[in-house]
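Colleague: What follows is the residue order along each chain.
2 protein chains.
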Amino acid sequence: MTDTTTLNNTLNIPTIDLPRVVIIGGGFAGLKMARLINSDEIQTVLLDENNHHTFQPLMYQVATAGLEPDSIAYPLRKTLKTKKRTHIRMTKVTNIDFVKNMVHTTIGEIRYDYLVIATGAKTNYFGNKNVEKHAMPMKSLTESLDLRSLILQNFEKALTQSNEEEKDSFMNFMIVGGGPTGVELAGAFAELKKHVLPKDYPDLDIRRMQIHLIEASPKVLSAMSDKSSNHALEYLRKTGVNVWTDTLVKDYDGNTVTTSKEVFQSKTLIWAAGVTGNIPNGIRPEHLENNRIIVDEYCRVKGLENVYAIGDVALMKTKESPRGLPMLGSVAQQQGQYLAHSIKEQLKEKTVKKFKYTDKGTMATVGRNLAVVDIGKIHFGGWFAWLTWLLVHLMLLVDFRSRLVVFVNWIWSYINFDRGTRLIVRKFSKKPDKSVSQKEELVA
Amino acid sequence: MTDTTTLNNTLNIPTIDLPRVVIIGGGFAGLKMARLINSDEIQTVLLDENNHHTFQPLMYQVATAGLEPDSIAYPLRKTLKTKKRTHIRMTKVTNIDFVKNMVHTTIGEIRYDYLVIATGAKTNYFGNKNVEKHAMPMKSLTESLDLRSLILQNFEKALTQSNEEEKDSFMNFMIVGGGPTGVELAGAFAELKKHVLPKDYPDLDIRRMQIHLIEASPKVLSAMSDKSSNHALEYLRKTGVNVWTDTLVKDYDGNTVTTSKEVFQSKTLIWAAGVTGNIPNGIRPEHLENNRIIVDEYCRVKGLENVYAIGDVALMKTKESPRGLPMLGSVAQQQGQYLAHSIKEQLKEKTVKKFKYTDKGTMATVGRNLAVVDIGKIHFGGWFAWLTWLLVHLMLLVDFRSRLVVFVNWIWSYINFDRGTRLIVRKFSKKPDKSVSQKEELVA
Chain A
179 MTDTTTLNNT LNIPTIDLPR VVIIGGGFAG LKMARLINSD EIQTVLLDEN NHHTFQPLMY
239 QVATAGLEPD SIAYPLRKTL KTKKRTHIRM TKVTNIDFVK NMVHTTIGEI RYDYLVIATG
299 AKTNYFGNKN VEKHAMPMKS LTESLDLRSL ILQNFEKALT QSNEEEKDSF MNFMIVGGGP
359 TGVELAGAFA ELKKHVLPKD YPDLDIRRMQ IHLIEASPKV LSAMSDKSSN HALEYLRKTG
419 VNVWTDTLVK DYDGNTVTTS KEVFQSKTLI WAAGVTGNIP NGIRPEHLEN NRIIVDEYCR
479 VKGLENVYAI GDVALMKTKE SPRGLPMLGS VAQQQGQYLA HSIKEQLKEK TVKKFKYTDK
539 GTMATVGRNL AVVDIGKIHF GGWFAWLTWL LVHLMLLVDF RSRLVVFVNW IWSYINFDRG
599 TRLIVRKFSK KPDKSVSQKE ELVA
Chain B
179 MTDTTTLNNT LNIPTIDLPR VVIIGGGFAG LKMARLINSD EIQTVLLDEN NHHTFQPLMY
239 QVATAGLEPD SIAYPLRKTL KTKKRTHIRM TKVTNIDFVK NMVHTTIGEI RYDYLVIATG
299 AKTNYFGNKN VEKHAMPMKS LTESLDLRSL ILQNFEKALT QSNEEEKDSF MNFMIVGGGP
359 TGVELAGAFA ELKKHVLPKD YPDLDIRRMQ IHLIEASPKV LSAMSDKSSN HALEYLRKTG
419 VNVWTDTLVK DYDGNTVTTS KEVFQSKTLI WAAGVTGNIP NGIRPEHLEN NRIIVDEYCR
479 VKGLENVYAI GDVALMKTKE SPRGLPMLGS VAQQQGQYLA HSIKEQLKEK TVKKFKYTDK
539 GTMATVGRNL AVVDIGKIHF GGWFAWLTWL LVHLMLLVDF RSRLVVFVNW IWSYINFDRG
599 TRLIVRKFSK KPDKSVSQKE ELVA
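Here the protein sequences come in this chain order: A and B. The numbering of the first sequence is this note's numbering, which starts it at 179 and goes up by one. The numbering of the second sequence is this note's numbering, which starts it at 179 and goes up by one.
It is worth saying that the hints were derived from the structure and are not from the lab. All the pointers check out, no bait thrown in.
Repeated chains share a single entry, so a pair holds when one copy, or any two copies, can fit it.
Simulated pairs of lysine to aspartate or glutamate, EDC-like, Cα-Cα distance not exceeding 20 Å:
1. Lys528 <-> Glu219
2. Lys335 <-> Asp383
3. Lys261 <-> Asp381
4. Lys335 <-> Glu227
Put together the whole structure using the sequences plus the hints.
Modeller: And the structure:
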C-alpha cells in the first residue's frame, strides 16, 4: 500500500482516494464500529492511548486477584488485522479543529472526512478534590492492578502493625457507589475475606476485616428492577458486606472517611460512585450537557455535519429515554454497529434510519451462586442468574483464548475456593496525579 | 497461636520454644527449603521483597508477550499455607548482624538461631555504567513487563518515524549474552518477527527488523555440550538471528551500541550477559569470592557456625566442580532440599552428610520444534528435544492451575502462530535507577 501512495502527515497514514473516518477511542463503541466498517470503501484511522481494548465489566476481577489483564484486554491490532484499510495509532488526542476537519495528537495531526468521538467515560469525583487525591479509581487496567497491589500490601502492613486501630484501618475497605461495579467489587471482597485471606494470613484475625459499601441513593443497583435491587441487597448482607444506603461521602484524607452518617477509619477508599464524559479538547460548551456530548438520533454531534459521538461520551435523548440512553456497554456496541452501517449508507446517498436501542437486559453478580438478572419484565436471582451471568460474560469476551483462560480460572476458583493471581508485581506507592493533570490539560 | 505467645519484635513473629530458622529469599532455593522444613520442630521465617516466587526460566516468555505474570509467578503465602509455624514477611533486608544473630529489615528486626541466605543473583554489568544505565535487564517480573512494553512501544514509534535510520533503530534488537536466556529470547524475537508482527503492523516493513545476539565467548550455550551448542547456533541462524560470537559490548548510550567488532544503531539493548551474587549488607569481604558467598559442602558460610547460603548466591566448590557449582535452578532446589533435611538432622544431633549435586541435565529452546537437550552424555536436538523442553517446563511449574493456563497459551500459540498477550498495560518511559541505588546502598 505504501508503495502506491504518498504520506502526507506525521502519523504516516497513506493518502488514498477514499473517504477517511477517524475514530477516537477503541472501547466498546469505537472497536465495534472499526470491526464492522467496510474497509473496501472507507479508510479508517483508530486512535487510542492504549494498544488494547479493555473489557471493563470484568475489571473488578483483575483488581481482586481473580483474573490477569490479558484475560480481559485485547490487542487492537490483533482484532483489526483483517481490515486492510484500517490504521491504528497509539496516541493521545490533544485537540480537534472542527473548522479545518483536523485531529491533533501528540505524534502529529490528521485530516478527517468523518470524525467519530468514542472517548468513553472517566471517573467522576463530583468536584471533591480530597477524594480525587486519595481515593482509588478503577477505570483502567493500570488502576485495577494498582488497586490489587494496594489491597495485598495493606494486608502485609496490617500483619506488622502493633497499633490495633492502625491494623483495623488497613483491613477496612470502603467502596463508594452501589452500581454494578461497586456491588460486584464488594462481593469479590467478601469472597476474599471468607475463603482466601484466612489461609494466606493465619497470623491475622481476618474476622476484623470490614467491607463497607456506601451508596448515596436509597438502594443499590438503582438502574435495575426493585426486585433485583432488593435481592442484591440481601445477597450483599448475607456475604457480610455492610451496606450504607442514603449515605454521602463528604471527605477523605487517606485515613478518615467522613460520610453524612458515620466516620470510618480506612486506608482504602475505592471510588466507583460515578463516571463523566471523557471530553476531548476542542469540544465547545454548547455541545455538552452534563459533561456528555449531545447527539441527535443519528449519533451526530449537534451543529456539526460530519462529526459523531457514540458510547458513554454521547448523550442521546430518545422518546423512551428522555434523559438520555444509559452509559452501558450494550448501548455503545449498538451505536458502533449502527454508525458503521449508517456511514456506508450515507456514502451510497441512501436515506439513513435513526438509531434504535434494543435493551438486552442488565445483570450483576454478588458472588458464588448469587446474581441478579433483569431481562425486560423478567427478573430472577440466585444460582440460575449467576450461571446466566457467567455464560453471558464468557461469551462476550473477544476471543476463544481469553474465554478458555477465564473459564479455567473461574472453574479453579469455584472448586478450590481460591484465587490464582494474588501477585504484587509492581508495588503501589502513591496514586499518580494523572486524572488531575488530565483535567488541567482540558482547562488549559 | 498468637493467643498463647507474646510478640517480641516489630515483625510480629510469635516467640515460641522452638529453634527459629530465618530464610532470606523465596527463589528456587529458599522456597524449596521452606516447603520441606519440618514445621512441627522448627519455626520458619521467610523474608522476601516480593509476595511471590518467580519461575525464572520462563520469564523471557513474559517479556515477549507469550505468557502473563501469573503463569510463572506463585504467591508465597499460598505455597506455604499448610506450614503452621512458617511466617512470611514481605520486606527488604537492610543488614545482618552475625554477632547478635539479628537480621535487620525495613519493617523491624528479628533474631535467628539459624540463618539461610538465599538471595539469589542479580544482573551483572561488569562495571560498565553506561550499559547499566541504558540497557534493559530481565531478572524480575517487573523488568520483564517493562521490556515487553518497550518492545511493543518501539514498533508503535517505528510506525510514525519518517527518518528511515531512526525507524530501523527502533526495529533493531540487540541481545547480549549467549546463555540460555539470551538464546531463548532471541528465538522468541524471531518468532514474533516471522508470525506475529507482520500481521500487527501491515504499514511497517517487518523484514527490516533485525535481531542480533552478541556473545563474548566463541560459542553460544557454552555450558552445554559442543553438539548442543552447534545445534543451537544452527537453529538461531535458521530462524534469522544474527549471531555474533567472540564479540564484546564496549559501550551503549541508548542509541549506539559499540562492540569489539561493529557499531550498531539500536533503541533496545537487552542485557543477559551475566549475573552476580545478590549480597546482603553485613557480609564481609572474606566471605566472598567472585561476589558469591563461599560455603563448605554443608552449605555453611565459611567461619560462621549457624549461617548458611544456598542457591545462586552461594559458591560451593566440589571435587567435580572445583570452580564452584553452576548457578542453576536445579542446584538451588537441591541445596534447599538438602538444608531442610540437614537442619532437622542437626537438631536430632545426628551426623550430617555433605551435599551432593545430581546433574539432571540442561536444555534450551530456540523456537517452534527447535531445542537442545543434554542429559549426562546424551545430547539431542530438534522436535523431540523441543517436546522434552515443553513437558519438563510444564511439570516444573508449581501448581495445576499455572500448568493448565500455560498449556492453553502454548497450544494456542502453536496452532495459531500467535501470541496472546501483547498488551502495553503500563507504558515504559524510562529505566528506573533501581540497580544503581541498590549498589549504592551496598557500598554505603
